[in-house]
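Colleague: Respectively, the protein sequence lines represent chains A and B.
Just so you know, this note's numbering puts 350 at position 324 of the first sequence, and the rest follows in order with no gaps.
Just so you know, this note's numbering puts 175 at position 149 of the second sequence, and the rest follows in order with no gaps.
It is possible that some hints are incorrect.
Copies of one chain are not kept apart here, so a pair can be met inside one copy or by any two copies together.
Using 30 Å as the maximum straight-line C-alpha spacing, the simulated BS3-like pairs for lysine-lysine come out as follows [unchecked claim]: (1) 107 / 65; (2) 161 / 204; (3) 312 / 365; (4) 312 / 78.
In case anyone wonders, no lab produced these hints; they're calculated from the structure.
Predicted model, so just to flag it, every value in this text is computed and none were measured.
There are 2 protein chains.
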Amino acid sequence: MEIRREMEDFMFCAPTQLFFGRTALDNLAESINIWSPNKRVLVVYGGGSIKKMGLYDKVMDILNEDGAYIKELPGVEPNPKMGLVREGVHICRENRIEAVLAVGGGSCVDTAKAIATAFYYDGDVSELVGQWWKKEVLPVLVISTASGAGTEMTTSTVLNNEDTKVKKGFHGPDLRPKVTFLDPEYTFTVGKWQTAAGIVDGISHTLESYFTQVDGAYFHARVGEALLKTFFEYGPIAYNEPENYNARANVMLGCTWACNGITTKGNYAAWICHGLEHEVSAYNDKITHGAGLAVITPRWMRWALDENTAFRFVDIGVNVFGMDKNIPPLKMGEMVIRKFEELFFDVLQMPRNFKELGLVDEALEVMVKDMQGVVTPNIQKLLFKPNDAGGHQRSSGRML
Amino acid sequence: MEIRREMEDFMFCAPTQLFFGRTALDNLAESINIWSPNKRVLVVYGGGSIKKMGLYDKVMDILNEDGAYIKELPGVEPNPKMGLVREGVHICRENRIEAVLAVGGGSCVDTAKAIATAFYYDGDVSELVGQWWKKEVLPVLVISTASGAGTEMTTSTVLNNEDTKVKKGFHGPDLRPKVTFLDPEYTFTVGKWQTAAGIVDGISHTLESYFTQVDGAYFHARVGEALLKTFFEYGPIAYNEPENYNARANVMLGCTWACNGITTKGNYAAWICHGLEHEVSAYNDKITHGAGLAVITPRWMRWALDENTAFRFVDIGVNVFGMDKNIPPLKMGEMVIRKFEELFFDVLQMPRNFKELGLVDEALEVMVKDMQGVVTPNIQKLLFKPNDAGGHQRSSGRML
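Only chain A is shown next, with the shape it has when bound in the complex (with noise of 0.2 Å):
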């Protein structure tokens, strides 16, 4: 088994442009019509939030004295459905639209990719699935309401298809939205649950890859502290104080940072907790990815906890929670995932576990025969054995 110490070779390219704070809408008209020279948007929202707030007035204000075309596709839900999908790349067709403005949280934006790559695609969306889109995609604007999902910044977009009940996505450099708009006072009416579903998905996407650090990516992992310690600091505030500017914007601004790369590019992510989650949230709906990822975070770290991994543990402890270094690592360990459960369950009442999350028993036993093909060849893949590595300090043992 090959043994990863180096920092892996990689590319980073993210040129999303972002304009943040509360003037960030100030330009909207202008890159519009950078990335939209005839102004053909659609618009692409979810259900009242953002009417309520004044935001859709706002936005249709500034596209209309634009003079700008302007198509909407209203109604995305939590976990995206490939039929909206097939009704924005049919709207996009029928009025020559040139780019799509998502306004929203993480699944209006990859309603947007998905119609913004699907235009170009002569087949039916679900087709995409698991591709690398190298070709051209409509321009992708985003205004986000919500933090969390970081695809504001990335390159994927993650669907549910209704008929066979997968949640899987597609990827591409041109997925990747041109202009992202993130005013944190959108944010201050995202309800308790949205926000504290979406600090733990951001602090899932850092230890994606943190747990799975290459040794050489030193830097990449003291980044993913500054995330922990930006969600643990502000994440309670904006929890607590919903209109608290500063907590609201670091999370935000934390929840970019999070997915967009810098952390995963010349290290290593396997996106086990993730992957687990989507079959959840594929299976059932309603169920929200972060409180999904509640459930499944600190009881994965407690099944990954050995003599062996408890190394990256330590160095969460001692770097994020400033723990005293000569705690024995296993003790260190535990001490650790329980900063994670209280932040999950007690500070921001996310669920403890799957019955509390609404899942009934046979749909467990329907996700884990479906899980076989997904995770297992990853969790296999990154078994090392401790002396392959030359010592366990060096190697990144059951860590997934």
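Got chain A sorted already, so can you dock chain B onto it with the hints?
Modeller: This is chain B only, laid out in the frame that chain A set:
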């Protein structure tokens, strides 16, 4: 005076494509084809070092095999001169050059950026100083052979005007290189002096925004600490074991991230130590930028440390060096400064004062006079009175 507590509004966009690692140059030919349809390239480099290590031959082989039309501009020296820029512009215009490829350290990159900009300017390059250039720029590509300057992913170029002895730069969105190739192995042969100077430069870039931190820019500060940890962990190893891949890789990646905006956008950076040092190396262009910073930075830190500013030093002490948080702030501040002095002077063998740097007293007098107009307004702007800021934990104090 305005109190800066909240994360500031910002735009971040760093579209440079980074190819990192031993395979980075495998992507050179394709990148040239993307950015120069007719493959007409000016290669800008320094002297013999890229020839000695075989990089010159490798680059020329790749370009020739690709059928490129190549012109060369050798002779770039540290603290790059405007005279060479004029020569480069002339070559580009005479030969219908479409892209400028810098092969070398920061001076080569800055020369290439200046040529690429001045190509589209009718007047003399010296007239561009201080400008934010929004018009066209020839595509700049970079093969980096030294870590430190960070210019391989920034929008700036800094030049020496031989006539006026002023070292200043100009800026613009398209000065940012389109593609940067970072192969840590090409830094194996960088000598101890330049290695040390590069590490000090990366640290200084990090500190310029760390100490002027906007209170709400929490994520930025934690990333700053991630960078400092990287430089303190791998700087000494890169210095003492020049062929240690992980050390060179982490220093290289850290230097690129320390300067690309991640820690400054939404935050504040006063660039005081850099401002001071540019006066020094403009006066005597034999002085290495990083060596000048090594003299200036700890002195500036000691000047800045007082009871209102100590909390930032405490953050570094606890978060970067793992010091006991119960140590009195001023004492910890001094301990932190000592850590930087130990790294700069004892480990990296940088000069400790202006005399060791080779500056005579008369030079200092001239510089102090020159600096009146440059640095003083910034200092005054930032000399917060603690009371204005509602308690020193919230104040940026006299931090610059």
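Colleague: Honestly, which of those hints from before does the structure not fit?
Modeller: Per hint list: zero violations.
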